[in-house]
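S.K.: Mind assembling these two chains? They're in different frames, but the hints should get you there.
So the protein lines, in turn, are chains D and W.
Just so you know, we're using this note's numbering here: the first sequence kicks off at 55 and counts up by one.
Just so you know, we're using this note's numbering here: the second sequence kicks off at 257 and counts up by one.
FYI, nobody ran anything at the bench for these hints, they're computed from the structure.
One side only, chain D facing chain W, incomplete, derived with CB under 8 Å:
(1) S670
(2) F716
(3) K756
(4) E760
(5) N761
(6) F762
(7) E763
(8) I765
(9) G767
(10) G771
(11) I773
(12) N778
(13) A780
(14) L781
From a predicted model like this one, the values you see are computed outputs, not experimental measurements.
Glycine included, each C-beta is placed from N, C-alpha and C at the ideal position.
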Amino acid sequence: MSDLDDFKATFFDECSELLGELEEQFAAIEAGDRTANRLNAVFRAVHSIKGGGGAFGFVEMVAFAHAYETLLDHVRDGRIELSDPVTVLCIRANDLLADFVKAARTGASLGPGYGADERAQFDALTRGEPIGSHGGDAGGAPMDEFDIDFVPVMVDLAPSAAAAPAPAEDSFANLPLTAERGHWEIHFAPHSELYSRANDPLLLFRELGNLGELTVTAKLGEIPPLADFEPYGIYCSWELTLVSPTATAASIAEVFEFVEGNCDLSIALLAGANNPPAEPTLDELAALVMPPVADDGPGLSFADLAETLKTEAPVRAPAAAPILLRPAEPAPMSAAEESDADRRGGEADRRTAVQSIRVDLDKVDRVVNMVGELVITQSMLTQQMDDTLRARYQELVRGLEVLAQTTRGLQDAVMAIRAQPVKSVFSRMPRLVRDLAQKTGKKIKLETIGEATEIDKTVIEQLSDPLTHMIRNSCDHGIETPEARRALGKPEIGTIRLSAEQAGGNILIAVEDDGGGINRDRVLQVARDRLVIGPDQQLTEEQIDNLIFAPGFSTATEVSDISGRGVGMDVVLSNIKKIGGSVHVRSRTGQGTRMTLRLPLTLAVLDVMLVRVGPSPYVVPLSSIVETIQCSRADFGRAPSGAKVLRVRGEYVQVVDLAERFELTGGAELANRFVVLCEAEGGTKVALVVDDIIGQQQVVIKSLEENFESIDGIAGGTILGDGNVALIVDVQGLKAQKLHKNAA
Amino acid sequence: MDSLAYKDDMSNGSQVNVQNSLQLIAFSIGEQTYGVEITTVREIRAWNGATPLPNTREYVRGVINLRGTIVPIFDLRARFGEGQTSPTKNHVVVVMSVGEKWVGILVDAVSDILTVSKDDIHAVPEGNTMDTELLNGIVTHESRMVGLIDLHAVVSGAKMDG
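So here's chain W without its partners, still in its complex pose (with noise of 0.2 Å):
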């Protein structure tokens, strides 16, 4: 899948010079859609429920096991102050390292593999605090606009203070 999806990306003629390019894993939340770098991509899964954890906030969805390892799981919805997922069978978890860390983002769905120019990438406009705090940027393809996660922005403040 990954690969069809470079090699169609590529003969569509997008000419994107290869140094200066960038590959997004792109997913989907209700109408918008968001990226992440490819190599962060560790793992797709469908969505198969998670141990809610306590003290946490209403977007950290809980943990998976992940061949042994505990991995805890973020609602981007409701990161985005949107409102808690209701996921289902074909609701889809994004494993990714941040850092040293694995996590999972639910997400709606995961649609493409986009090769984007990082010249294309631009700034966060200021105004929802929201995405400006969330996003590193946002870029477009194809007449889509695609805001690029910062991750550790994502995971962090996930604990309950008191």
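Looking at chain D on its own, in the form it has when it is part of the complex (with noise of 0.2 Å):
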């Protein structure tokens, strides 16, 4: 009893991996990419989905996955066209089957009419009518429409059969089967000739498919490596069952008339065999035999067939199914884990599911934080190694520095497995952008660029609150209605463009729309009033910008009248410091706001510039820096209002002497200080004093939150080698203090 709770753990852990590949999968089809992959992807989650639930007997989830899976199918081949209304109604319909899968979880009730609509709105389709037929909206039709007379309609596809062998999907609804029928194993090899005279095996596959039930497998196993293979080469064979229960050998040889003598046929009936494999496809075979080396074609309509077998095993005939299995194929049992790894089909999916693993984060979380202090420890033993030392134990300093190598590979293999694409918060944002387009009146298209850049785990999990923001703030604010927009001459919809990309050692997240750009006018003077700003105070159009992301500067009173939803850009600020990035914005009045989050890599660990000021180690991001200058070299000057500016290549740069910022006393000589350039967000750049400059390495963040509290111009503390801690310098917040300081 406990296996088959853990089978069914894994199975809901399961589910909701494949609901979340639905509806990533669907973000890219709404997006426009409407390949046959994505709606093959959608339809094996799905598909699994079901055959798991009938495993375990959910019996609301598999007849309503089954009819989603019926209409999906009809999407797949082309007999439904993937509108925008059908669209909706998948994305609905995915969100019922999450609710499916939930009550299944919990062992709740949905009541039996739950998702009734959407059924019926499946079998209108299917059958051929337009969508919204029935009156109701894809999104969610009135309950009173519907009702009772369309659920059972499911079933009356059969009598087309002739023309679409789908239907032998409903053996699934109307179980058990009854029919009694022929089944055939056929082997099917082409020679060359048989391609050289033009025929085409899906031809022939699909005459096939006109006598019954067909299910194909090609067998690759002979394709040879790529530079050994031949153009005209012939390395594909098949292997197709049919069940028909009119079919004969006879008429099953007619199929291959054409071809009699350019290929290797033979056919077999199986006696007893009665349990047919359930819905092979046009698309499918299609799929099968038009790219020789397909990988994930022959494992699909097998996979469907051993789980056709799983779920009927128990009621029908058990001796019948090791007689359709292949040796290799594991039997059907309980194991919906196992299963279902194979179910997904094909030798690369296969290959995939033996080499993850699911592993506890907070096992992962462990191995981070000890490499973390290894890396310490590690450098601190190198750091202890002086001259003396070095001369007498030359092991110890050779051991010390594979010690030092392997360490380094250690964190980056365990880095490398917090690593996450940032698709998984993206995926969230399509479905974001579509409710707030609905609410607003807007037209909304949201654009994603580099989903696959990947990001430490816990800063993915940091993003998606800010990325909510700022798309909300977009939503709300960016985009102007449809009419606004006609006015401007800009085009109606309006466009959102996330995007994502790695640069030196961080990640940069970008939002940006095409809408109004920030009222500049109308900050400055909510700013006034609130007095985050002095009233005569003038500033710049970026430091305009940037008032957006101060505290107590909510949505609410800025920019746009639309208020009182979610909270204000601060909140984006802040989430985004506290996991040692920066946000920038830019915006152009009347074309748009871009704002940009860059983020570290890795939260774990940090390379740094060690520097020195007054008695204290302060530590400097090495990402952020530029170049360090010799003072005695620099050009400093003074700018208009007197403040000290540093003139680099042409460019007037505002200087933070640390020392005086952080009340420091060092003593040193100006010429013997050194500047540490370093670039703030969005390529502005602060030059910082500093007394000394000590050297480069890693160090762990650590927080100095955890146990005080948060201070301006320090973005948190580290342990150096010799066990001190430093201070990590926070370029940004040195920059933002100062403007905040003239303000005061």
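M.R.: What follows is the structure, given as structure tokens:
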């Protein structure tokens, strides 16, 4: 019993992954990518959920999934066009499916009518009626318009079997099967003449498909390595399983009439077999036949078969099962986990299934923390080596060098474990945009770029909220109404572009809209009213834009009158700052706003430059340093306001003397001090003056807030090799502080 | 050391009802004795320097590395407005937990573990605002006056404004 519970738990784990996958795929489909792969992935996901659900007896879930799957099948082979309403219906179906899974997990009941509307719509669609012909909008049709009539409808597709083999799926809903039907196994290996005479196996299979329910498995074992691959070589053969009450050896042979002699063909009737394989479709067949090296095709149909067995096995004669299985396939069993991995089908998938394991995140975190400490210890050991020791213990030195390398390697490897594509966050956004577009009555299109970019998992977790706020902000305040856009000569549909890219040690995530931009006059006005800035203070455009991040500058009073939703942009800033990142906003009136998050690749270890200010060590993140200059060679000057500036390559840069700023007395002569030129957000620079530069090293970031509170200008602390604490300079914070100070 | 002092205390015959008693760690700043409840104390260590934190009040001595976590150190003398301590190796840091956080308090020396009755805790007399702000009460133990430190008050407001 507890075994079964384990399997159930695994099944639900998989369900959440599959549901995530569904969401992802539909995000892509909505964005216009309607390739067969997407649909196949969607189909597979729904199918897996249905299959697993069937194995555990979640009847309602299976019934719904089945109806949904039927619809998808029709969409996949082109009988139903994947129009926008259909997409919306599918997305709604994903939600419902998630509800069913949730209900199954918690043991709750959703009631018999749950999802009936959608199922009715599926059925209507698969019967060829246009969507919405029953009155409801796809988002959620009113209950009273449907009800009882439509639920049983899915049965009556059977008469059209000759046109399409898909109704075979109905076997699922009409368990158990009653008809005793002929079960044929056909082996088909074409010779090269077959192709040279312009015969196409696909056409043959289609023909066969008209006889009954056909499952095709391509045998790809003979495909040589690419180097030996001959373009006209024959490497493919097929195993076909035909289940048909009417087919005879003659009628099957007739199909192959024109290729007789050009292929190896064997046709055999399997006695007593009565379990038909499920749901082969022409498209599936096409996928099998067209690309000779396709590797996810054959498994699909095969997996379907295995699953049919699994579901039916308890009901039907179990003896039938082994006959249909290839020896390599594990026997159908209650282990949803194992059969599920296979069910996804294909050699490639099976390989990945073997190679990945599910690990509790806590365990990974423990490793990450220990590696972090190891890095510190290692660097401490290295620091302890002085020349005397070096000369005396050469073996030790060598050992330490190896240790250093290994540690570095270990660290990279551990970080790679934690790295995840940003896709997991990005995939939630299309839905948000859709909802917001609906609520605000705007037309908004979301483009995502660079979803495969990988970031540390902790960073990703922290990313969801800020991104949501930023996108909400773009939808609410950025994009104009369709009318306004038309009047401005812009396309009616506003675009929000969400992109991720790696730039050096940082990940840049940008949210860009082509809306109206920040209303600077309004922002300035509000800032003055709220005394965020002084009444006479003149700000650059950049400074004004950054005001929207100021605490207390809520979205409600900012730029637009739409208010009362969510929290202000200061949340974005504080969240991002918390994970060592920074936010930059750039806006062009009438053309749009671009907000960029600059995030560290990993939170655990930071490459830093160690500097001395007064008596204390400080570290500056290496990723933000542009260059270092000796003060004696630096070209200092005074801005008209009296503030100290540094001239670098024709650019004037704000100078922050850390000793002054942190009220430390170092006593070093200016000439002996150093300028560390840092890049803050959006490419703006700030020059930090420090007393000395000690060197570079890696540090593990420690939070000050854990036991204390955050300090302006300090991003955190770290522990140096000698066990002392050094503080991490918050470059952006120092710059921002300057602004506030002037304001005060 | 802990257990020894505890036993001594009991054998001295100061018969205190266990349910109603409070065990304190007593430490001194100059002539003054202060105490905190023993259950809040995590560790006592010798002063070994601290990394100063910029933009904090003078009574924040900085932060130390306590086995991989960063712990702030408060100078209790400075907190009571009597100027910064000039710490030596003989000065002591008492590491305590305040809510979720761990903080260290720099004192001159740790003197004793005291068992006192809750009934013996008196309110802090009005007058000295610093005392009323930072003390939970005053308890008399063998004719010594021990100020009960309100840790939450001691560690609050450490950041410089502006």
